[in-house]
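Protein chains: 2
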Amino acid sequence: MTQFPEAGDALRAGAILTVDLDAIVANWRYLDKRVGPGARAAGVVKGDAYGLGAARVAAALADAGCRRFFVATPDEGLALGALLSGRSDRVADIIVLSGPFDGSEADFAGAGLIPVLNSLEQISRWRSLAGRLDRPLPSVIHVDTGMSRLGLRYAEAESLSEDADTLAACAPVLVMSHLACADDPDHPMNRRQLAAFQAARRLFPGLPGSLAASSGIFLGPDWHADWCRPGAALYGLRPQQGKANPMRPVIRLDARIVQVRDIDAGETVGYGATHRASRRGRLATVAVGYADGLFRSLGNRGWGHLGEHRVPLVGRVSMDLTVFDVTGLPDGLARPGDMITLVGPDSGADDLGEAGGTIGYEILTALGRRYHRVYLDGASS
Amino acid sequence: MTQFPEAGDALRAGAILTVDLDAIVANWRYLDKRVGPGARAAGVVKGDAYGLGAARVAAALADAGCRRFFVATPDEGLALGALLSGRSDRVADIIVLSGPFDGSEADFAGAGLIPVLNSLEQISRWRSLAGRLDRPLPSVIHVDTGMSRLGLRYAEAESLSEDADTLAACAPVLVMSHLACADDPDHPMNRRQLAAFQAARRLFPGLPGSLAASSGIFLGPDWHADWCRPGAALYGLRPQQGKANPMRPVIRLDARIVQVRDIDAGETVGYGATHRASRRGRLATVAVGYADGLFRSLGNRGWGHLGEHRVPLVGRVSMDLTVFDVTGLPDGLARPGDMITLVGPDSGADDLGEAGGTIGYEILTALGRRYHRVYLDGASS
Numbered sequence: 001m002t003q004f005p006e007a008g009d010a011l012r013a014g015a016i017l018t019v020d021l022d023a024i025v026a027n028w029r030y031l032d033k034r035v036g037p038g039a040r041a042a043g044v045v046k047g048d049a050y051g052l053g054a055a056r057v058a059a060a061l062a063d064a065g066c067r068r069f070f071v072a073t074p075d076e077g078l079a080l081g082a083l084l085s086g087r088s089d090r091v092a093d094i095i096v097l098s099g100p101f102d103g104s105e106a107d108f109a110g111a112g113l114i115p116v117l118n119s120l121e122q123i124s125r126w127r128s129l130a131g132r133l134d135r136p137l138p139s140v141i142h143v144d145t146g147m148s149r150l151g152l153r154y155a156e157a158e159s160l161s162e163d164a165d166t167l168a169a170c171a172p173v174l175v176m177s178h179l180a181c182a183d184d185p186d187h188p189m190n191r192r193q194l195a196a197f198q199a200a201r202r203l204f205p206g207l208p209g210s211l212a213a214s215s216g217i218f219l220g221p222d223w224h225a226d227w228c229r230p231g232a233a234l235y236g237l238r239p240q241q242g243k244a245n246p247m248r249p250v251i252r253l254d255a256r257i258v259q260v261r262d263i264d265a266g267e268t269v270g271y272g273a274t275h276r277a278s279r280r281g282r283l284a285t286v287a288v289g290y291a292d293g294l295f296r297s298l299g300n301r302g303w304g305h306l307g308e309h310r311v312p313l314v315g316r317v318s319m320d321l322t323v324f325d326v327t328g329l330p331d332g333l334a335r336p337g338d339m340i341t342l343v344g345p346d347s348g349a350d351d352l353g354e355a356g357g358t359i360g361y362e363i364l365t366a367l368g369r370r371y372h373r374v375y376l377d378g379a380s381s
Numbered sequence: 001m002t003q004f005p006e007a008g009d010a011l012r013a014g015a016i017l018t019v020d021l022d023a024i025v026a027n028w029r030y031l032d033k034r035v036g037p038g039a040r041a042a043g044v045v046k047g048d049a050y051g052l053g054a055a056r057v058a059a060a061l062a063d064a065g066c067r068r069f070f071v072a073t074p075d076e077g078l079a080l081g082a083l084l085s086g087r088s089d090r091v092a093d094i095i096v097l098s099g100p101f102d103g104s105e106a107d108f109a110g111a112g113l114i115p116v117l118n119s120l121e122q123i124s125r126w127r128s129l130a131g132r133l134d135r136p137l138p139s140v141i142h143v144d145t146g147m148s149r150l151g152l153r154y155a156e157a158e159s160l161s162e163d164a165d166t167l168a169a170c171a172p173v174l175v176m177s178h179l180a181c182a183d184d185p186d187h188p189m190n191r192r193q194l195a196a197f198q199a200a201r202r203l204f205p206g207l208p209g210s211l212a213a214s215s216g217i218f219l220g221p222d223w224h225a226d227w228c229r230p231g232a233a234l235y236g237l238r239p240q241q242g243k244a245n246p247m248r249p250v251i252r253l254d255a256r257i258v259q260v261r262d263i264d265a266g267e268t269v270g271y272g273a274t275h276r277a278s279r280r281g282r283l284a285t286v287a288v289g290y291a292d293g294l295f296r297s298l299g300n301r302g303w304g305h306l307g308e309h310r311v312p313l314v315g316r317v318s319m320d321l322t323v324f325d326v327t328g329l330p331d332g333l334a335r336p337g338d339m340i341t342l343v344g345p346d347s348g349a350d351d352l353g354e355a356g357g358t359i360g361y362e363i364l365t366a367l368g369r370r371y372h373r374v375y376l377d378g379a380s381s
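Heads up: the protein sequence lines correspond to chains A and B, in order.
Mapping of the first sequence onto the numbering used here: position 117 corresponds to residue 117, and the numbering continues sequentially without gaps.
Mapping of the second sequence onto the numbering used here: position 242 corresponds to residue 242, and the numbering continues sequentially without gaps.
None of these hints come from the bench; they were simulated from the model.
On a predicted model such as this, the values are computed, not experimentally measured, just so you know.
Each hint should be verified, as a subset may be incorrect.
[Unchecked claim] Pairwise CB distance ranges (calculated): (1) A:Asn300 / B:Tyr154: 24 to 34 Å; (2) B:Ala64 / A:Ala64: 50 to 60 Å; (3) A:Glu354 / B:Asp351: 21 to 31 Å; (4) A:Pro221 / B:Gln241: 52 to 62 Å.
Backbone N, C-alpha and C fix where the C-beta goes; we use that ideal spot for every residue, glycine too.
Hey, can you work out the whole structure from these sequences and the hints?
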């Protein structure tokens, strides 16, 4: 088992979150190679790199040669731009998926961010700014092929493709779309969206394309186009339902035992008294709760590991505390100060998500701010 | 409707979270008066003040006269201690519910924090530190009466009560316990825990007691003891199931519309294509998703408000985006840049929690970091 540096503020946090930057880099290299040489892999670091810390993750990926990043919002783009602009080797694009919100266009252009233009309205505002600045402003054109969320309809893309002045001003570097059901390889949406994307690309001859995110990469080369946009797979999540996960695990979450106590048959645990002990037993309470992103939906359904022993989560998850049943464990295994592993080699974020009725993605983005965070990289491993 | 200052970074965030500090102060005063004059209300600001920002909330409560704060972890205690120590009028206790983790005792004593001592093991460590420092160190004694989470068993409390040296070293200022089912006034646990708490108090004659948190306050004066510990009710959450909520609402969450689009009958929305339009309609996509704490469990179950119009959430919640059905709304009501209210006067955090299969508490603690936050206080209202 990994040994953690237990000093200073690590002693005051209820849990330790370890993020393996080497594994993230290895996952990016694996995907970049898998989609090459015809396509390249960008790095998706939106949502603070899926909760793992965009500053550390993007720096590691840039060091490894990642030259294109995707974020969600203008704020995220500006923060990443500030981070990367301090590097002597800055040659990475930062693409902002939401596009510019009305009024934030000048911030984009000032920071050299590339917006995804999702609607005729965003295109019109971006074109206006290019006119005021009297220079073309790079952008990405988003054509919707079945998410009904953001992006142009085909007819809108068609009219854009015939508008040479707007195209010159908005200087597209990429045409993109997004798959709705790529985690299920047999879903008919995948081929339907691919066909719609290919039709949209024919409107913009010569323009590079991007369709696949993590799951889409595993649908096969037809979906790869020129740029793939892995996020989840970088962070070790399983790209496809019901298949083995080829990605290296990235996170480990160890929760500190505050107290170990006996419980008598008939006594209840936690809010609402939803767990009742059927016999005399032993409980360990850890200093992690739903305020740390350990979802309440895991109450009476989750588990942790103490060494190789799986220990069930009993009762409801409280805001700051969670209780595990450690009855029958060998003496000395569950003591105050010991750690119960919530995410680790025996149980990943995908498994925790499934137990809580959600997906590993949401487990990651909910990771709390009270954890002491340890980043593993080449220097430390 | 409240007008928001839409400038600077507010234009770059996907949503605006407004926290009404005046309402929090008013709620604290209401509760302090309700439990008085026999008891006083502390301020529970753990979990970053239930996601609302402990620095701002604790400062406002201290200004209003709150003289005792509860936090969850040593880190939270140190942060609050640093904040309050800068005030000329610092007379507030900071009590840390988890107690000191092994190795963090000296940090507690150095910052003047008061730990809750939950186990004989924590008591022993605290006593040792008092011995090394050669002075009594204030603490709170926690007796478990039915949560089976933290706290001494009755027999342990009894042996502590007979140990004059340890009591002198650990200098208790309060004996506390915690109710498991207080949100349900008819639950038999409430009277049972009250009786157990009264028995524990008899072990420590003259020592002030604390049993009730927000919901417990509404069980009546028998449960008030000397100090009540409201958290949820300060932040406007409903203290009791199925009863009217006497608290002032505290938060408002407005999500920015990025795009408005038409949808044809038969087209699907979002990941997994879980929503299919039964007729031609209109969708609005906002820049908030589960990475902002809008739970995936709200997919096809949540709603928002545009003015007085309730608009259903359709499809799955994505990481950074959520789609609402705005079909049939008056022209000009749903335009890019307009705001859909997710939490506001027509729909509180409790309602959103219920729709997502959880409780308002978890809605608050999950509130995201990407929101632009506006604090309303006397100066601004």
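Here is how each hint holds up against the structure:
{"no.": "1", "hint": "A:Asn300 / B:Tyr154: 24 to 34 Å", "in the structure": "holds, 26 Å"}
{"no.": "2", "hint": "B:Ala64 / A:Ala64: 50 to 60 Å", "in the structure": "holds, 52 Å"}
{"no.": "3", "hint": "A:Glu354 / B:Asp351: 21 to 31 Å", "in the structure": "holds, 27 Å"}
{"no.": "4", "hint": "A:Pro221 / B:Gln241: 52 to 62 Å", "in the structure": "holds, 55 Å"}
Violated hints: none; the structure is consistent with every hint.
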